[in-house]
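2 protein chains.
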Amino acid sequence: MKHIGTQTVKLQYPPSIVAEAAIVGQKEGEGPLKDSFDQIEGDAFFGQDSFEKAESTLVENTFNKAIEKSGLQKSDIQYAIAGDLLDQCIGANFAMRSIGLPFFGLFGACSTMAESLSVGSMLIDGDFASHVLVGTSSHFCSAERQFRFPLDYGGQRPPSAQWTVTGSGALILGKHKAAPYVTHITTGKVVDMGIKDANSMGGAMAPAFADTLKAHFTDTGRQPSYYDLILSGDLGEIGKAIAIQLCADENLDISPNYNDCGCMIFDNQAQDTHAGGSGCGCSASVLCGHIMALLRSKMLNRVLFVATGALLSPTSTMQGESIPAIAHAVAIENELS
Amino acid sequence: MKHIGTQTVKLQYPPSIVAEAAIVGQKEGEGPLKDSFDQIEGDAFFGQDSFEKAESTLVENTFNKAIEKSGLQKSDIQYAIAGDLLDQCIGANFAMRSIGLPFFGLFGACSTMAESLSVGSMLIDGDFASHVLVGTSSHFCSAERQFRFPLDYGGQRPPSAQWTVTGSGALILGKHKAAPYVTHITTGKVVDMGIKDANSMGGAMAPAFADTLKAHFTDTGRQPSYYDLILSGDLGEIGKAIAIQLCADENLDISPNYNDCGCMIFDNQAQDTHAGGSGCGCSASVLCGHIMALLRSKMLNRVLFVATGALLSPTSTMQGESIPAIAHAVAIENELS
Chain A
133 MKHIGTQTVK
143 LQYPPSIVAE
153 AAIVGQKEGE
163 GPLKDSFDQI
173 EGDAFFGQDS
183 FEKAESTLVE
193 NTFNKAIEKS
203 GLQKSDIQYA
213 IAGDLLDQCI
223 GANFAMRSIG
233 LPFFGLFGAC
243 STMAESLSVG
253 SMLIDGDFAS
263 HVLVGTSSHF
273 CSAERQFRFP
283 LDYGGQRPPS
293 AQWTVTGSGA
303 LILGKHKAAP
313 YVTHITTGKV
323 VDMGIKDANS
333 MGGAMAPAFA
343 DTLKAHFTDT
353 GRQPSYYDLI
363 LSGDLGEIGK
373 AIAIQLCADE
383 NLDISPNYND
393 CGCMIFDNQA
403 QDTHAGGSGC
413 GCSASVLCGH
423 IMALLRSKML
433 NRVLFVATGA
443 LLSPTSTMQG
453 ESIPAIAHAV
463 AIENELS
Chain B
133 MKHIGTQTVK
143 LQYPPSIVAE
153 AAIVGQKEGE
163 GPLKDSFDQI
173 EGDAFFGQDS
183 FEKAESTLVE
193 NTFNKAIEKS
203 GLQKSDIQYA
213 IAGDLLDQCI
223 GANFAMRSIG
233 LPFFGLFGAC
243 STMAESLSVG
253 SMLIDGDFAS
263 HVLVGTSSHF
273 CSAERQFRFP
283 LDYGGQRPPS
293 AQWTVTGSGA
303 LILGKHKAAP
313 YVTHITTGKV
323 VDMGIKDANS
333 MGGAMAPAFA
343 DTLKAHFTDT
353 GRQPSYYDLI
363 LSGDLGEIGK
373 AIAIQLCADE
383 NLDISPNYND
393 CGCMIFDNQA
403 QDTHAGGSGC
413 GCSASVLCGH
423 IMALLRSKML
433 NRVLFVATGA
443 LLSPTSTMQG
453 ESIPAIAHAV
463 AIENELS
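The listed protein sequences derive, respectively, from chains A and B.
Heads up: the first sequence begins at 133 in my numbering, then just goes up one per residue.
Heads up: the second sequence begins at 133 in my numbering, then just goes up one per residue.
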């Protein structure tokens, strides 16, 4: 079996990342990673008449851009695998009307980029597909009004709050051919440490990150220093600090080579984004933009991408529930060890 | 490649269905299939203090029952794959806190049973797992208040409306060993024919059913008569009639051996369930109860299970959107052809 240890798959014929695309909104396009995106859209409505339709259009545009960059025809791609944060995942589901590929919908909250990458890579390695399109999205305005307050209300945000990224990222995966490759997949369990503060998602998700990281290093026998970069999804400044400590408690020193997409996409001081970026589109647009560029230019050769998701809903919060979280890790490497 | 035609996978080492479990609520336990369920729970709250927590407990109980019936330890099972209808899939996500397996969350609305069975079967056939737990749930009370009206409002239901099943079904899949086997998987595309009536889901989903069926028969070269039973998820009485007609338009005569879980689980006249049952738990509990019993007793030997999902949300409906739908087909057979 390709399963090693308890939670990890070592891919037999590591799939290639054939192409990638990332599209973001105006605010993300003014941040430190502005040069890494395929497109920066100034219109928060993306030409539509609602923020939810805007998010769906963002997904369509990003997925079509990835297909275009791959040089493939849609008929060369057997599956699309995607999801988002919106109730009933209408961002991805409505976009799939025009994308028109056989479709598996996921819900993994902000872990969706890693989840879709995991499932897609296994479908290719298992010889069920030659190409798979994976990706996800989030939109500040659709998330804010669904999970928090109407935008017009102008609610104050505590310093621990994060800013949902308007962005989408997509990858086209293909059969083993050229670097970068997806080499290992460590699938997370739901971890709930009892945190109930929906304005401190990083703190709620950090234990899931540490749990999956521990499993990854135990299963693979690798050390954190093996990777050029260990990258969490959207723990933000507070979650990042907790994650480093929780890993240290497990004798995993990730501090020299660890960063978080939520700490990278905005200049949190200058852009008033408090603890950092969040949302499925945060890790998706950072991975498919900035990180993929560094992998292709060989500035990075070994990346462990660990997207984290907070699996709460407004209903569960109103019912006094704590916040379950999950983290999925995917190793992306330019050379096979 | 194991992919044949445009949308179908023919599994190389068809996975076995090792065990199954189905738990339902009181009303389902008074219907025609009452003797096929593992448990009928009289308390709509399942001992909890909200309907959402009740649904999560229903999932926990059903998944644990399937594990118990399989005789396996949790450590023998590498993945759980599940989802539900609730915003952010809190039915499955919260249940996974105690189930504790590496977890892929799905959103496929009422197609989730077929979707989870599809992905789980590929993970086993691809040698990524020896056992996978798949399943889904719905709860009348949590769905009604999320998608329609508060229960206390006592809203009138049109004759085309369906009744969300309180139920959950789960399967344990294992490596190729003993019948019944999962032999073919046809993955659906999102189909949207412009229907906007959220009280006529069967009509909205029937075209997706016909689309996937057409792909399945084209890809496999099989005829509808090959199967002892072609079983749709929850099209209900109206959707079932439309489905037969749409298939006939494609020269597929399914009328002799076709039925719909939504038409089977209730006595729609006597139980006042209008056009029939619906919800992820409808097809899940019918498949994992009644149909699996018929497969194990060899009363049925070739079943094509086609669960359909309406991918709308209350927000999309309020914004005037039509209803995208999807259908995934899975062939379950006692002998390999």
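Watch out, some of these pointers could steer you wrong.
For identical chains, the list gives no copy identity; a pair is met inside one copy or between any two copies.
Straight-line distance between alpha carbons at most 25 Å, and here's what the computed PhoX-like set of lysine-lysine pairs gives [as the list claims (entries may be wrong)]:
| id | residue 1 | residue 2 |
| --- | --- | --- |
| 1 | K166 | K197 |
| 2 | K142 | K346 |
| 3 | K201 | K142 |
| 4 | K328 | K142 |
| 5 | K206 | K430 |
Treat the hints as calculated values from the structure; they're not laboratory data.
Hint-by-hint comparison with the structure:
1. K166 <-> K197: within (17 Å within a copy, 51 Å between copies)
2. K142 <-> K346: within (16 Å within a copy, 36 Å between copies)
3. K201 <-> K142: neither (28 Å within a copy, 30 Å between copies)
4. K328 <-> K142: neither (35 Å within a copy, 45 Å between copies)
5. K206 <-> K430: neither (29 Å within a copy, 41 Å between copies)
The structure shown violates the earlier hints numbered 3, 4, 5.
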